[in-house]
Amino acid sequence: MEDRKVALVRILTEIHSILPLFATLCPFGGAVLVPIVSAVSKRARDWLPFVAMLVTGILILSMAPSVFGGVEYTYMGLRVTAFGYLMGVVMTMVGLTVTAYTVFYTRKLPETWLNYYHMLTLTFIGGILGMFFSTNLATIFLFLETSTIVSIILVSFERGRAFEAGYKFYMLSGLGAMFTIMSITLIYAATGTLELASIPRSLSGTVTKPLTLLDLGAVLAIVGFGLKAGLVPFHAWLPDAHAEAPTPISAILSGVVVKTGAYALFLILFAIYGGISSGKIVSILYFLAAISMLFGAVMALAQTDIKRLLAYSTVSQMGYIILGLSYTSALGVEGGLFHILNHSAFKVLLFLCAGNIIFQTRTRDMRKMGGIAKKMPLTAFSFAVGALAMAGVPPFNGFWSKLLVYYAGVEQGQLILTIVAVSTSGLTLGYMVRAMHMVFFGEPPTGHTTLNERIDWMTLPPLALAILCIVIGVFPELGLQIVKPATQALLGLILRL
Amino acid sequence: MDSIWLALVFTGLVVLGGAAIVVSRLKLASVLFTIHSAYLGTVLFIVTGDPEGIYMHYLIAAMFLWPFLWVINRTSNYEEPPVLGAKASSIIIVLIMTVSNLFYNWDPLQSGYVSMIAMGIYGMVARRDIIKIAIGFNLIENGVHLFTIHLVTFGPQTPYIALVLDSATILLNLLVAWIIVGIYEEYKSLNSWKIARLRW
Numbered sequence: 001m002e003d004r005k006v007a008l009v010r011i012l013t014e015i016h017s018i019l020p021l022f023a024t025l026c027p028f029g030g031a032v033l034v035p036i037v038s039a040v041s042k043r044a045r046d047w048l049p050f051v052a053m054l055v056t057g058i059l060i061l062s063m064a065p066s067v068f069g070g071v072e073y074t075y076m077g078l079r080v081t082a083f084g085y086l087m088g089v090v091m092t093m094v095g096l097t098v099t100a101y102t103v104f105y106t107r108k109l110p111e112t113w114l115n116y117y118h119m120l121t122l123t124f125i126g127g128i129l130g131m132f133f134s135t136n137l138a139t140i141f142l143f144l145e146t147s148t149i150v151s152i153i154l155v156s157f158e159r160g161r162a163f164e165a166g167y168k169f170y171m172l173s174g175l176g177a178m179f180t181i182m183s184i185t186l187i188y189a190a191t192g193t194l195e196l197a198s199i200p201r202s203l204s205g206t207v208t209k210p211l212t213l214l215d216l217g218a219v220l221a222i223v224g225f226g227l228k229a230g231l232v233p234f235h236a237w238l239p240d241a242h243a244e245a246p247t248p249i250s251a252i253l254s255g256v257v258v259k260t261g262a263y264a265l266f267l268i269l270f271a272i273y274g275g276i277s278s279g280k281i282v283s284i285l286y287f288l289a290a291i292s293m294l295f296g297a298v299m300a301l302a303q304t305d306i307k308r309l310l311a312y313s314t315v316s317q318m319g320y321i322i323l324g325l326s327y328t329s330a331l332g333v334e335g336g337l338f339h340i341l342n343h344s345a346f347k348v349l350l351f352l353c354a355g356n357i358i359f360q361t362r363t364r365d366m367r368k369m370g371g372i373a374k375k376m377p378l379t380a381f382s383f384a385v386g387a388l389a390m391a392g393v394p395p396f397n398g399f400w401s402k403l404l405v406y407y408a409g410v411e412q413g414q415l416i417l418t419i420v421a422v423s424t425s426g427l428t429l430g431y432m433v434r435a436m437h438m439v440f441f442g443e444p445p446t447g448h449t450t451l452n453e454r455i456d457w458m459t460l461p462p463l464a465l466a467i468l469c470i471v472i473g474v475f476p477e478l479g480l481q482i483v484k485p486a487t488q489a490l491l492g493l494i495l496r497l
Numbered sequence: 001m002d003s004i005w006l007a008l009v010f011t012g013l014v015v016l017g018g019a020a021i022v023v024s025r026l027k028l029a030s031v032l033f034t035i036h037s038a039y040l041g042t043v044l045f046i047v048t049g050d051p052e053g054i055y056m057h058y059l060i061a062a063m064f065l066w067p068f069l070w071v072i073n074r075t076s077n078y079e080e081p082p083v084l085g086a087k088a089s090s091i092i093i094v095l096i097m098t099v100s101n102l103f104y105n106w107d108p109l110q111s112g113y114v115s116m117i118a119m120g121i122y123g124m125v126a127r128r129d130i131i132k133i134a135i136g137f138n139l140i141e142n143g144v145h146l147f148t149i150h151l152v153t154f155g156p157q158t159p160y161i162a163l164v165l166d167s168a169t170i171l172l173n174l175l176v177a178w179i180i181v182g183i184y185e186e187y188k189s190l191n192s193w194k195i196a197r198l199r200w
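So the protein lines, in turn, are chains A and B. Start counting the first sequence at 1; every next residue gets the next number (this note's numbering). Start counting the second sequence at 1; every next residue gets the next number (this note's numbering).
Honestly, the hints are just simulated from the structure, not real lab data. Since we're looking at a predicted model, the values are computed, not measured. Built from N, CA and C at the ideal position, the CB exists for glycine as well. Don't take each hint at face value.
[What the hints assert, rightly or not] Simulated restraints on C-beta separations:
1. B:Asn105 - A:Ser423: 30 to 38 Å
2. A:Val298 - B:Gly49: 50 to 58 Å
3. B:Pro81 - A:Lys368: 56 to 64 Å
4. A:Thr112 - B:Gly12: 30 to 38 Å
5. B:Trp193 - A:Gly492: 45 to 53 Å
6. B:Asn77 - A:Leu109: 31 to 39 Å
7. B:Lys194 - A:Phe475: 41 to 49 Å
8. B:Arg25 - A:Gly279: 34 to 42 Å
9. A:Arg107 - B:Arg25: 55 to 63 Å
10. B:Lys194 - A:Gly426: 36 to 44 Å
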């Protein structure tokens, strides 16, 4: 009897350690199942991505007690760190809402495309999750490229002009990949390891650090991953890709994919340098963050295409994340990570609302919209919550993460950067209020008399995210608890604990 | 003697890559690039003794030629007018090779990959035809591969890095072939300057 118990515990422990592998494989498994399920039932096929994400979410959430207890999962080359886990949670949140939304959204796509669409979406999500659960540089690159290649197909999915966006995305992400692989090569040449956790140890063992190689590697990583993160001046792919991709894919691109760049970049920088609060590297990061915040906001002000406006706002908001993490102080890291979580929630919500509006009005041009609030009150409410959260207005979630970044700036003596960050929030409020005014208020143009809104899977996911933005805004400690293990892990890496 | 032989091998490699950028017939350019890629695989095998280089680069060569010939058959065999003509491009390519050799003191490997990356960038900037731009992109990838091998020849995980890079290149080539055909159907041109309906 006792032996059986011991064997059972051993089996359960074994299964528990395989969780990251299962969580990563689940979306890929879903992708394989799509054509099989499609042969049986088209309706079941449309729900399959959501079910796959639900199972993935359960697997990821079941790792929470161990991750929050400081345990790192390691299995078959995959390793779940607290930072990777936070990103996995973000991917789960985004994946669940987007796949639920996709069920109705894909009705506008031709039936013959749908199998490919669902397969590619699940492979895309699987690639991103695999990247978050890896700490080996080559494996990170492998999963990053998998998700990038699939995302290029998805960006070009609606054909026509979307091919142009796909081509630009291919060129720039391809160049980014070259910079990334050169950076990885230099880091490997300098440290003799591709395992991120081993880099600090390998550097502390050497008497003379090969700093030139590492510095060059860090700069190339900033360019390569900065391209992925959509930082100015490497952002050229982002507005086109976000605007031309199907709306659920735009939501994933903005909600998660741009953060993969920030994730990999800071893992590398912290592993090489620990605290980077001085020197040329941090100056480069401050410059990129400040220019991204301002340029993204100014460009968003000039847009009349609702998806391009949201795309430029992503460029701007990535600046806050980079700025917070670059401070490398407890407040800065916490603010940066909290903004990753918050930005994913409100940006996905905004893209899904934009998708609803475009679905009804058949246009992305805000000048051809107006007075939609009366016809689509749920979408209008969700959009307003997302807009105010993004502008950092209390009591929404974006307010708290931005406040932490401001505090961190003051604490570091970076007053100019803090002024830029606060001013950008003002600009954000300006362009989002302008967008709300153009879309939801005033007189509706002719032809919009048939607009209607029902409570269905296209209105519920953004509404759920809007409620999340309010809940985290009112109870910020909930969100801070989620980012706490990742903050501690990154601070441990920075302080070389 | 060995150094002369190595210099000849790498010069041949770079010249083939440069020729793929300069010639205006797209099928010929694709064949030249394919030979360049297969040649690189052979050179990598000789230099490192690692079979990954030869297998993957032969695969890259095959997976480049097949989709690009498919694209050219569906679009056009004639390159869109480049920014700089064949003579000027040839002079620039010879200059790139000379300067990189002088900079690296005639080291064939280092000057080889620097030349390939520089020529690839030149191809991407100075050619307007998107097939030629894709060839330039692939030339950069080959240069980066050589750079990887040069810098971490004896690292146990070097083949892993190269394998990941090569796999990504193969998939990207298949993908860009599909995109180029889609662009041609939409824009009726392969001129990158005319493919600009979306604002940057």
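Evaluated hints:
1. B:Asn105 - A:Ser423: 30 to 38 Å: violated, 51 Å
2. A:Val298 - B:Gly49: 50 to 58 Å: Holds - the Cβ-Cβ distance for Val298 (chain A) and Gly49 (chain B), about 55 Å, lies within 50 to 58 Å.
3. B:Pro81 - A:Lys368: 56 to 64 Å: At 39 Å between Cβs, range violated.
4. A:Thr112 - B:Gly12: 30 to 38 Å: Taking Cβ atoms as reference, Thr112 (chain A) and Gly12 (chain B) lie about 48 Å apart, which means the hint is violated.
5. B:Trp193 - A:Gly492: 45 to 53 Å: holds, 51 Å
6. B:Asn77 - A:Leu109: 31 to 39 Å: Holds: the Cβ-Cβ distance is about 35 Å, inside 31 to 39 Å.
7. B:Lys194 - A:Phe475: 41 to 49 Å: violated, 54 Å
8. B:Arg25 - A:Gly279: 34 to 42 Å: At 51 Å between Cβs, range violated.
9. A:Arg107 - B:Arg25: 55 to 63 Å: violated, 46 Å
10. B:Lys194 - A:Gly426: 36 to 44 Å: holds, 40 Å
In summary, the structure is inconsistent with hints 1, 3, 4, 7, 8, 9 from the numbered list given earlier, while agreeing with the others.
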